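Could you build all of it, start to finish, from the sequences and the hints given here?
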Amino acid sequence: MIELRTPAEIEQMRPVGRFVAETLATLREDTKVGTNLLAIDRRAHDMIRKAGAESCYIDYHPSFGASPFGKVICTSVNDAVLHGLPHDYDLRDGDLVTLDFAVSLNGWVADSAVSFVVGTPRDEDLALIDTTERALAAAIEAATVGNRTGDISAAIAAVAHAEGLSINTDFGGHGVGREMHGDPHIANNGRPGRGFPLKPGLVVAIEPWFLQTTDELVTDPDGWTLRSADGSRGAHSEHTIAITADGPIVLTDRTGL
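Note that the sequence shown covers residues 1 to 257 in my numbering.
Do not take every clue at face value.
[As the list claims (entries may be wrong)] Subject to a maximum C-alpha distance of 20 Å in a straight line, what follows is the list of computed EDC-like cross-link-like pairs (lysine to aspartate or glutamate):
#1 K199 x E3
#2 K50 x D79
#3 K199 x D246
#4 K32 x D46
#5 K32 x D93
#6 K32 x D90
#7 K199 x E11
#8 K199 x E141
#9 K32 x D95
#10 K32 x D79
#11 K199 x D183
#12 K32 x D88
#13 K32 x D125
#14 K199 x E9
#15 K50 x E29
#16 K50 x E22
#17 K32 x E22
#18 K32 x D123
[As the list claims (entries may be wrong)] Derived CB-CB ranges, DEER-like:
#19 V33 x P200: 41 to 47 Å
#20 Y89 x A158: 33 to 39 Å
#21 L257 x G146: 28 to 34 Å
It should be emphasised that the hints constitute simulated quantities derived from the structure, not laboratory data.
Computed from a predicted model, the values in this text were never measured in an experiment.
By construction, the Cβ of each residue, glycine as well, lies at the ideal position given by its N, Cα and C atoms.
Listed below in structure tokens is the structure:
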């Protein structure tokens with residue numbers, strides 16, 4: 001079921017968007033070569049408790065998950081791109097890290113992700129991250145009243161295809177509100193003019209993610225972490241946005257943090 005939010009409800013969602021943005025900005029700043037993935041999860045957990053928020057991940061157990069997730073943040077490294085389950089691993093120089101974070105605060109949810117490199121970056125990794133960020137920016141620009149979800153999907157795909165990347169459509173954007181995942185699904189590839197019409201009050205998470213040389217995923221033995229089938233690296237950028245008559249509002253904007 002697709003729900004539309006009133007202007008007052010969108011204002012009520014701003015605090016959770018700001019908290020998610022501030023948490024990701026802090027964790028990115030704190031994450032260095034030698035940082036343990038479990039330490040990132042503990043830090044995020046502390047921030048959630050202090051804010052009086054609730055994790056959307058810790059008890060999350062969809063049909064594709066082997067068990068409840070059990071942690072409060074996804075930490076995907078190098079060839080892992082989605083649903084990275086934090087484990088005992090110290091980050092190494094040049095690792096490409098994705099942090100994906102969603103919480104509920106005062107009954108409202110926001111969801112966002114950021115990819116970055118710790119230590120000495122490889123040019124191809126920076127280029128892949130940049131592609132996801134440009135795809136996200138293009139998608140947000142397309143998220144205007146009168147367009148459709150397919151216009152968002154097509155905007156993402158145009159950026160990816162220009163870089164010669166293939167696209168997996170199994171996992172993509174989604175509605176956000178009282179729960180983390182709702183309708184509509186927003187694939188990272190689609191046809192303009194198709195799909196659900198974008199209306200004022202629609203709140204969605206848009207999340208382009210790409211792999212360097214494949215679009216096929218495999219699942220780790222942990223039952224959660226999704227990696228590229230060929231070992232190539234992945235990157236993922238995500239924001240929660242509200243569609244309004246005056247244009248999209250990026251609720252998880254980290255600009256200036």
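Going through the hints against the structure:
1. As the CA atoms of K199 and E3 are separated by approximately 10 Å, the hinted pair is consistent with the 20 Å bound.
2. For a cut-off of 20 Å, the pair hint linking K50 to D79 is broken: about 33 Å separates their Cα positions.
3. In summary, the hint linking K199 to D246 is supported, as the alpha carbons are separated by about 11 Å, within the 20 Å threshold.
4. Restraint check for K32 and D46: the C-alpha separation of about 19 Å stays at or below 20 Å, so the hint holds.
5. Distance restraint check for K32 and D93: the Cα-Cα separation of roughly 9 Å lies within the 20 Å cut-off, and the hinted pair is therefore satisfied.
6. Straight-line distance between C-alpha atoms of K32 and D90 comes to about 9 Å, which keeps the hinted pair within the 20 Å bound.
7. For the hint linking K199 to E11, the alpha-carbon distance of about 17 Å falls within 20 Å, and the restraint holds.
8. Between K199 and E141 the alpha-carbon distance is near 15 Å, which keeps this suggested pair within the 20 Å criterion.
9. Of the supplied pair hints, the one linking K32 and D95 holds, its CA atoms being roughly 10 Å apart against a limit of 20 Å.
10. A hinted pair counts as satisfied when its Cα atoms are at most 20 Å apart, and K32 with D79 qualifies at roughly 18 Å.
11. Restraint check for K199 and D183: satisfied, since their Cα atoms lie roughly 13 Å apart, inside the 20 Å limit.
12. For the hint linking K32 to D88, the alpha-carbon distance of about 15 Å falls within 20 Å, and the restraint holds.
13. The hinted pair formed by K32 and D125 meets the criterion: a straight-line CA distance of about 16 Å does not exceed 20 Å.
14. This hinted pair checks out: K199 and E9 have alpha carbons roughly 15 Å apart, not beyond 20 Å.
15. A threshold of 20 Å between alpha carbons decides the hint, and for K50 with E29 the separation of about 19 Å falls inside it, so the pair holds.
16. Our distance criterion of 20 Å between C-alpha atoms is met by K50 and E22, whose separation comes to about 13 Å.
17. Of the pairs offered as hints, the one joining K32 and E22 holds, with about 18 Å between alpha carbons and a cut-off of 20 Å not exceeded.
18. Between the alpha carbons of K32 and D123 the distance comes to roughly 18 Å, so the proposed pair stays at or under 20 Å and holds.
19. In this structure, V33 and P200 meet the distance hint of 41 to 47 Å, their C-beta atoms being roughly 45 Å apart.
20. For Y89 and A158, the Cβ-Cβ distance of about 35 Å falls inside the hinted range of 33 to 39 Å, so the restraint holds.
21. Checked against the hint of 28 to 34 Å, the C-beta distance between L257 and G146 comes to roughly 31 Å, which is consistent with it.
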